[in-house]
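A.B. asks: Using the sequences plus the hints, can you model the full thing?
Following the working numbering, the numbering of the sequence shown begins with 1 at its first residue and continues without gaps.
Calculated directly from the structure, the hints in this document are not laboratory data. Treat the hints with caution; some may be incorrect.
Claimed, not checked - The calculated EDC-like cross-link candidates involving lysine to aspartate or glutamate, where the alpha carbons are at most 20 Å apart (straight line), are: (1) K98 <-> E49; (2) K20 <-> E49; (3) K71 <-> E58.
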Amino acid sequence: MHIPDLASQAEFSDAGPNKKVLYETPELTSILISLKGGQEIPAHTLSSEVIMHVISGEGSFYTSSGTPEVKEGSLVVCGPNEPHGIVAKTNMVVLVAKVAG
Numbered sequence: 001m002h003i004p005d006l007a008s009q010a011e012f013s014d015a016g017p018n019k020k021v022l023y024e025t026p027e028l029t030s031i032l033i034s035l036k037g038g039q040e041i042p043a044h045t046l047s048s049e050v051i052m053h054v055i056s057g058e059g060s061f062y063t064s065s066g067t068p069e070v071k072e073g074s075l076v077v078c079g080p081n082e083p084h085g086i087v088a089k090t091n092m093v094v095l096v097a098k099v100a101g
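C.D. replies: So, in structure tokens, the structure goes:
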């Protein structure tokens, strides 16, 4: 069993969003993304289902249905090949799970 303390894993960078792989198997990849306020990950697509849980901070997600505002506790689920991205309003930490299809 692996139980990481997500708050202590967050690492912010002036160079851009920081992505840290926490766990990886052929079926699942878990990534912790730390963004400073104003940083973004442009909209893109993946062949897998993506589940994004906002651990802390506020911002918006780019999705095929708009740009919903999100905050700590928000959960965003995108299907395979569905465009998605993130823009941070404040320092933001997001736990991402990519599920192989």
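A.B. asks: List, from low to high, the hint numbers that the structure doesn't satisfy.
C.D. replies: none
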